[in-house]
Structures are given as structure tokens and as C-alpha cells.
Amino acid sequence: MSAAPPHTPTSGLTGELAGFLRPLLPEGVVVGARLARLDAPYRQVVLEPVPAGRATPITRWVRLQITAVAITASLQSDWETAAALFDRACTAITGRLPGRVVSAAIDSGPVRVPDDNGNLVAYGVLLLTTC
41 MSAAPPHTPT SGLTGELAGF LRPLLPEGVV VGARLARLDA PYRQVVLEPV PAGRATPITR
101 WVRLQITAVA ITASLQSDWE TAAALFDRAC TAITGRLPGR VVSAAIDSGP VRVPDDNGNL
161 VAYGVLLLTT C
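Letter by letter, the sequence shown follows residues 41 to 171 of this note's numbering.
The set of hints was computed from the structure by calculation and includes no laboratory data. Just so we're clear, the structure is a prediction, and the values are computed from it rather than from any experiment. Using N, Cα and C, we set each Cβ at its ideal position, and we do this for glycine too. Mixed in with the good hints there might be a few duds.
Quick list of simulated restraints, FRET-style, between CB atoms [said to hold, decoys possible]:
{"no.": "1", "residue 1": "G55", "residue 2": "L78", "range": "15 to 23 Å"}
{"no.": "2", "residue 1": "G93", "residue 2": "L137", "range": "15 to 23 Å"}
{"no.": "3", "residue 1": "S148", "residue 2": "E67", "range": "22 to 30 Å"}
{"no.": "4", "residue 1": "E88", "residue 2": "R136", "range": "17 to 25 Å"}
Using the sequences plus the hints, can you model the full thing?
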């Protein structure tokens with residue numbers, strides 16, 4: 041009889057990745073699991089891991105949805121800055137494989153997507169294998 045493999049719940053993975061990314065992103069960028077309404081101007085990166093099944097008996101696939109937002113003092117979206125934040129977050133994760141991340145690859149993005157207020161944000165997905 042084999043023991044269940046250790047794994048990181050998605051909420052734990054979010055915190056782990058957010059803690060890893062904070063010092064690697066520009067000062068003042070908010071990193072977390074939910075899109076927060078902040079006073080303008082602001083920049084934030086939202087991480088949403090979605091489990092996608094087992095890769096091996098001890099690893100599993102996770103689709104990490106990343107949304108990067110940059111809002112100017114005039115409450116306008118700055119898509120170029122948001123795309124640069126997305127790229128920087130992806131480069132950090134795929135280049136260093138933080139924590140329990142075994143492998144990482146970009147699946148899509150950055151894609152221009154409007155948020156609930158009509159501001160353009162940079163959205164994309166990383167494919168992770170975690171243990």
C-alpha cells in the first residue's frame with residue numbers, strides 16, 4: 041500500500057508563488073490571488089492556479105492563470121506595462137522553477153483582455169508540473 045503523495049493545495053501554491061514573485065517584480069507591484077481594487081495608480085499580478093490532473097504518481101499538472109494589471113493616475117489601463125509585468129512574472133517562474141514547481145512552460149499570453157471596468161489587462165496561462 042502506497043502513501044498519498046505530498047502536494048500543495050492551490051491556495052498554498054498561490055501563496056508560495058506570490059512570495060517568490062514579490063521581490064522579483066518592480067517595487068509597488070501587488071501580487072496575490074484576487075484582483076484587488078486599489079487607489080490609482082497601481083500595478084498588480086493575480087495568480088490563479090487550476091489543478092489539471094495527475095502527471096505522474098507524485099506530480100500533477102496545474103494551469104496557472106496570470107492576470108497583470110496596470111492602471112494610471114487618470115484611471116486608464118496601461119497595456120504595455122501590464123504585458124511587461126506578465127512577461128517578467130512568466131520569466132521568473134519558468135527560469136527558476138520556485139518551490140514545488142518541477143517544470144513550467146508558457147501556454148498562452150499575454151493576451152489583451154478587458155476587465156469588468158473595460159480596462160485592458162494582460163492575461164495568459166503557464167502550464168506547471170508540481171509535486
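Comparing the hints with the structure gives:
1. G55 with L78: 15 to 23 Å: 19 Å, holds
2. G93 with L137: 15 to 23 Å: 20 Å, holds
3. S148 with E67: 22 to 30 Å: Distance hint for S148, E67 holds at roughly 28 Å.
4. E88 with R136: 17 to 25 Å: With a Cβ separation near 20 Å, E88 and R136 satisfy 17 to 25 Å, so the hint holds.
The structure meets every hint from the earlier list without exception.
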